[in-house]
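Enquirer: Listed below, chain by chain, are the residues.
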Amino acid sequence: MRVEPPTLRRAQLTRIETVCLTLLALLALGTLLVPVLSRRDPLAIGDVLSLRLLPPFATDARGDFHLLGTDRFGRDLFVRMMLAGRLSLAVGVVGSVLAASAGTLIGAVAAWRGGGVDATAMAFADALLAVPRLVLLLVCAALWQPGLTTVVVVLVATGWMGVARLVRGEVLGVRAQPYVDAALALGARPWRVLLRHALPNALGPAIVATTLGVGNAILLESGLSFLGLGIQPPQPSWGNMIAGGRDLIVSAPWVAIAPGIALIITVLACTLLGDSLRDRVAGDSGAMLRDRA
Amino acid sequence: MPIASAAHAPSLIRRVGGAIVLFWLVVTITFALVRLAPGDPALLLVPPTASRQDAARLRAELGLDRPLAVQYARWIGGLLRGSMGESFALHRSVGSVVAEAMPVSLSLGGSALLITFLVGVPLGILQAVYRGRALDRLLTIATTTVYAAPSFWIALALVAVFTYGAATWGLPLAMRLPAFGMQSPGSELHGLRRLLDVARHAVLPVMILAAIGAAGIARYARTSVADVLREDWVRTARAKGVTARGVYLRHVLANVLPAMVVLFALSLPGVVAGSIFVESVFAWPGMGRLMVNAISARDYPVVLGATLWYAGLVIAANLAADIALPLLDPRRAR
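Residue numbers (our numbering), protein chains in the order written: chain A, 1 to 293; chain B, 1001 to 1334.
Where hints are given, some of them may not hold.
To be verified - Reference excerpt, derived from the structure (chain B facing chain A, CB under 10 Å, subset only):
1) 1140
2) 1141
3) 1148
4) 1159
5) 1272
6) 1313
Read the hints as simulated data drawn from the structure, not as lab findings.
For every residue, glycine included, the Cβ atom is placed at its ideal position computed from N, Cα and C.
Chain A on its own, in the form it takes in the complex (with noise of 0.2 Å):
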């Protein structure tokens, strides 16, 4: 059986795929300079009667413009909504990638190394597979104290399973190449030709799998901070901010309207951006991941 290389078919980027990096950008740089441009603190908390829970495109009596208006402190909603998005975005990206790295190391040893070091991978990841990674997450969570780590780690203790099944998948179909035995007999140690010969394919359904993880990723850290378990306030995120607007969505539906369009804006760019890279891998880890969706 020939192997196809799952490679990624073309380098050049399609219409859509430049689209959603440049919001992406975007957006990352946004959330990087506005809380730093902005004139006042958006954690401290003011003088709350007169500030707090002004409509969008609001100047309040100090003439300041507020362009998505405040939340019930009088704090400016955009500027905490860009501060949100920072941890939101960095949370979704580092927990996928950690996830994801984790994968490929435990798929590739996995693969590698066969016999009892595979099965006990493989089953372990079966085990944590069988659970909704949202309970998972939800128990994890409640067993140590919420907070911006924990949320990672759990993140990735959930989220390593997907890439491990897709990078062993890989390891395995590129260990039975002929290429493979004359690099060992030419004397390459295990470890070289794993990095050099059978990572490198494995690298395109790994990125696709990221890609549409860190979605994934952010839509479930928004998830846990709004019932409380995630991001805790004062530091603001996009869940614990919903949360913050839940009984307010009669009186001042903004607060929770603004960072939920966020989110979803984010999440979309994430997996239109992560479905065009998908369709563009070739071979059975395409279909695995289509599988996948």
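Following the hints, put chain B in place on chain A, whose structure we already have.
Expert: Frame of chain A, contents of chain B only:
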């Protein structure tokens, strides 16, 4: 359609065996997770004024002072007898608490799933038929957007429109939808009227779960149907003069349906887990709310019990899909 033949039996036994081993692994991992967690459950349970002796007595009572191996053996032994321990907070057996909440989540998830497929599969087929054209692009953007939206946010937005909005705009009572609970509080309705009341309360939660589910299924169905449309025998069917309707109903649907039935089984646990947020927003007394409440009360036995139920559901669904696929698709029968 051949029912499980004699040749099928060994693989059936192997699969059931595999599922049991998998469940045992989940049980062991969750046990380890809880025991690895920092903090002494006994200290969380006793009132802050309690003495050291009180905590020690409680620890002994709960068996937490025994060696880990003994605790594990007791936990497994209890499970084999069908007991998942007693809830710390509710002082009832975990089994009875879960048995009360599970049907709520299952019917919520089940009805949402049914709508999901009735809407999602035709949507996906439509997209595949018009692949690359304006309608497909529009639907792709729409489904991906819904797919990207957090369920709790959609829930809040819909509550704003259909509950508060409808009341503010003076819409008739029939068009306003309740946003809290599973039935009207304090009402002593019976029979059909009670059913109607529950149904009215279910509209928003089911709609949200179904919308997100349908978006996901449409995405999946679109690629599956598009793959089938590329097959040679579809071209052959068209060449020999089968009408477009005939091709889609007779050839395409027949080839996509088995995958969809399997997907139905595989989606159920996800939808039931997804109802965690919806239940928590709408205050439905299901598994999701039970779990969230148990977590904030540090009621570990209930958390563990609920997790095992979810895992059991996933494993059972996988097993059902595994067994059903060869029956539905003769090509997969080995």
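Enquirer: Next step is simple, just say for each hint if it's right about the structure.
Expert: A quick look at each hint next to the structure:
1. Proximity of residue 1140 (chain B) to chain A holds as hinted, the smallest CB-CB distance being about 9 Å (cut-off 10 Å).
2. For residue 1141 (chain B), the interface hint holds, the least distance from its beta-carbon to any beta-carbon of chain A being 8 Å, beneath 10 Å.
3. A least Cβ separation of about 4 Å between residue 1148 (chain B) and chain A falls short of the 10 Å threshold, and the interface hint therefore holds.
4. Against a cut-off of 10 Å between C-beta atoms, the interface hint on residue 1159 (chain B) holds, since the closest Cβ of chain A lies about 6 Å away.
5. Annotation: interface hint on residue 1272 (chain B) holds; nearest CB of chain A at approximately 8 Å, less than 10 Å.
6. Annotation: residue 1313 (chain B) was flagged as interfacial toward chain A, and the flag holds, the nearest CB pair being 8 Å apart, inside 10 Å.
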